[in-house]
Amino acid sequence: MHTLRLAATSMTPEVDFDFAHHRLSLKGESYPENAQAFYQPLIEALGNYCASLHHTEVTVDVALAYFNSASTKALFSLFGVLNQAGARGNHIVMNWRHDPEDDTILEFGQELADDFVALEVRCMELA
Amino acid sequence: MFEHFKTFRALADSHQVIFFYTGTFSQPVISAMAESLKSRLTAQGLAGVKQRRVYSTFIEMAQNIVHYSADAITPGDANDQEQRNGQILIAHEGENLTIVCGNRMNSADTERLSRKLEVLRSMSHDEIKTLYKHTLRAENEDGSKGAGLGFLTVARDACEPIDYRFVSLADTPSSVMFYLKAII
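Residue numbers (the numbering used here), protein chains in the order written: chain A, 1 to 127; chain B, 1 to 184.
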């Protein structure tokens with residue numbers, strides 16, 4: 001399966017979905033004008049990838065310094081797709097990296113862990 | 001002209017205004033302002049969670065103008081590369097920072113908006129957090145471009161209840177100025 005790569009802009013994160021090596025990463029800030037338009041293609045690509053998985057180990061690195069309200073909603077849908085893959089017997093590890101001083105982003109990571117029980121969410125401080 | 005400018009500067013300084021913009025809001029403008037605001041806040045020694053809250057509130061308010069100001073330059077039904085007019089101001093107020101944004105809106109929509117904002121104003125911080133979590137998991141509401149989380153995000157980051165005003169405009173009775181204020 002191909003790799004999905006998007007360079008970061010000031011308002012969208014760097015996307016590196018290396019499907020062949022089962023390593024996915026989101027890094028940077030996210031406040032596009034239309035979050036739905038930015039995330040929908042990512043959600044679809046991820047859905048196709050996840051449908052092809054069988055008992056696979058997948059690592060997801062998320063290091064988002066800031067995301068706006070509309071991105072929050074879109075990210076929740078994106079992680080929902082991963083959670084479904086986890087529920088089908090794949091081992092999905094999500095490294096949720098947050099600024100040590102940023103309780104909001106840490107709390108969001110903890111909520112993901114509570115909601116998406118088929119994901120192994122590891123909250124860790126940004127290096 | 002120069003005298004007016006001097007008066008304007010002196011007034012802004014006396015109110016400890018650190019940021020003011022009036023004009024067209026578009027995504028590139030917001031991005032440039034956000035960058036400038038971030039360095040300004042860092043230079044003033046405001047770091048960590050408070051800086052992120054100011055940054056977040058600024059972006060939510062500015063994107064709200066792009067999405068909803070009735071003073072649109074691009075067609076009203078556009079949902080990308082929009083440009084709409086408004087204002088945003090950030091000033092020190094004691095220990096805190098106040099952020100106020102303003103834009104025109106249709107008078108007909110004020111009742112619905114004030115109902116929404118009054119609900120947020122009546123809630124405790126914990127209740128706001130609970131509603132935020134609920135809304136995050138709910139289906140998108142009709143007519144919302146921000147997943148219905150925008151005002152909630154502002155209310156969540158503010159340290160006091162958010163405040164708002166509708167100010168009538170003499171030239172156009174069908175529109176009012178809408179001001180929203182958050183203290184961070």
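Bear in mind the hints are in silico, worked out from the structure with no lab data behind them. Wrong hints could be hidden among the right ones.
The calculated lysine-lysine pairs, modelled on DSBU-like cross-linking and capped at a C-alpha distance of 35 Å, are [unchecked claim]:
| no. | chain 1 | residue 1 | chain 2 | residue 2 |
| --- | --- | --- | --- | --- |
| 1 | B | Lys116 | B | Lys50 |
| 2 | B | Lys38 | A | Lys27 |
| 3 | B | Lys6 | A | Lys27 |
| 4 | B | Lys133 | B | Lys181 |
| 5 | B | Lys116 | B | Lys6 |
| 6 | B | Lys6 | B | Lys133 |
| 7 | B | Lys116 | B | Lys38 |
| 8 | A | Lys27 | B | Lys116 |
| 9 | B | Lys133 | B | Lys38 |
| 10 | B | Lys6 | B | Lys181 |
| 11 | B | Lys181 | A | Lys27 |
| 12 | B | Lys181 | B | Lys50 |
| 13 | B | Lys38 | B | Lys6 |
| 14 | B | Lys50 | B | Lys6 |
| 15 | A | Lys27 | B | Lys133 |
| 16 | B | Lys181 | B | Lys129 |
| 17 | B | Lys129 | B | Lys116 |
| 18 | A | Lys27 | B | Lys50 |
Not everything, but these chain A residues come out facing chain B in the computed CB check (under 7 Å) [claimed, not checked]:
| no. | residue |
| --- | --- |
| 19 | Ser10 |
| 20 | Met11 |
| 21 | Tyr31 |
| 22 | Glu33 |
| 23 | Asn34 |
| 24 | Asn68 |
| 25 | Ser69 |
| 26 | Phe76 |
| 27 | Glu101 |
| 28 | Asp102 |
By construction, the Cβ of each residue, glycine as well, lies at the ideal position given by its N, Cα and C atoms.
Tested hints:
For a cut-off of 35 Å, the pair hint linking B/Lys116 to B/Lys50 stands: about 26 Å separates their Cα positions. Pair hint B/Lys38 plus A/Lys27 holds up; C-alpha atoms about 18 Å apart against a cutoff of 35 Å. For the given pair, B/Lys6 sits about 44 Å from A/Lys27 by alpha-carbon distance, which is inconsistent with the 35 Å threshold. Under the criterion of a C-alpha separation no larger than 35 Å, the hint pairing B/Lys133 with B/Lys181 is consistent with the structure, at around 23 Å.
In summary, the hint linking B/Lys116 to B/Lys6 is not supported, as the alpha carbons are separated by about 40 Å, beyond the 35 Å threshold. Between B/Lys6 and B/Lys133 the CA atoms are separated by roughly 47 Å; this puts the pair beyond 35 Å, and the hint is violated. Between the alpha carbons of B/Lys116 and B/Lys38 the distance comes to roughly 30 Å, so the proposed pair stays at or under 35 Å and holds. Under the criterion of a C-alpha separation no larger than 35 Å, the hint pairing A/Lys27 with B/Lys116 is consistent with the structure, at around 34 Å.
For the hint linking B/Lys133 to B/Lys38, the alpha-carbon distance of about 27 Å falls within 35 Å, and the restraint holds. A hinted pair counts as satisfied when its Cα atoms are at most 35 Å apart, and B/Lys6 with B/Lys181 qualifies at roughly 26 Å. Distance hint between B/Lys181 and A/Lys27 is fulfilled; the C-alpha atoms sit about 31 Å from each other, no more than 35 Å. Restraint check for B/Lys181 and B/Lys50: satisfied, since their Cα atoms lie roughly 16 Å apart, inside the 35 Å limit.
Our distance criterion of 35 Å between C-alpha atoms is met by B/Lys38 and B/Lys6, whose separation comes to about 26 Å. Straight-line distance between C-alpha atoms of B/Lys50 and B/Lys6 comes to about 31 Å, which keeps the hinted pair within the 35 Å bound. Between A/Lys27 and B/Lys133 the CA atoms are separated by roughly 23 Å; this keeps the pair inside 35 Å, and the hint holds. Annotation: proposed proximity of B/Lys181 to B/Lys129 holds, straight-line Cα distance about 19 Å (limit 35 Å).
For the hint pairing B/Lys129 with B/Lys116, the CA-to-CA distance comes to about 16 Å; that is within 35 Å, so the pair holds. At roughly 22 Å between alpha-carbon atoms, A/Lys27 and B/Lys50 fall within 35 Å of each other, so this suggested pair holds. For A/Ser10, the suggested interface contact is upheld, since its CB lies about 5 Å from the closest CB of chain B, less than 7 Å. Contact between A/Met11 and chain B, as hinted, is supported at the beta carbon level, the nearest pair being about 5 Å apart and thus within 7 Å.
Evaluation of the A/Tyr31 hint against chain B yields a held restraint, the C-beta minimum of about 5 Å falling below 7 Å. Annotation: interface hint on A/Glu33 holds; nearest CB of chain B at approximately 4 Å, less than 7 Å. At its closest, the beta carbon of A/Asn34 sits 5 Å from a beta carbon of chain B; the interface hint therefore holds under the 7 Å criterion. The beta carbon of A/Asn68 is positioned within 7 Å of a beta carbon in chain B (closest approach about 6 Å), and the interface hint is therefore held.
Taken as an interface hint, A/Ser69 checks out: its beta carbon lies about 4 Å from the nearest beta carbon of chain B, inside 7 Å. Look at A/Phe76: its Cβ gets to within about 6 Å of chain B, closer than 7 Å, so that hint holds up. Given hint, A/Glu101 at the interface with chain B, holds; its Cβ is 4 Å from that chain's nearest Cβ, closer than 7 Å. With a least beta-carbon distance of about 6 Å to chain B, the hint placing A/Asp102 at the interface is held under the 7 Å criterion.
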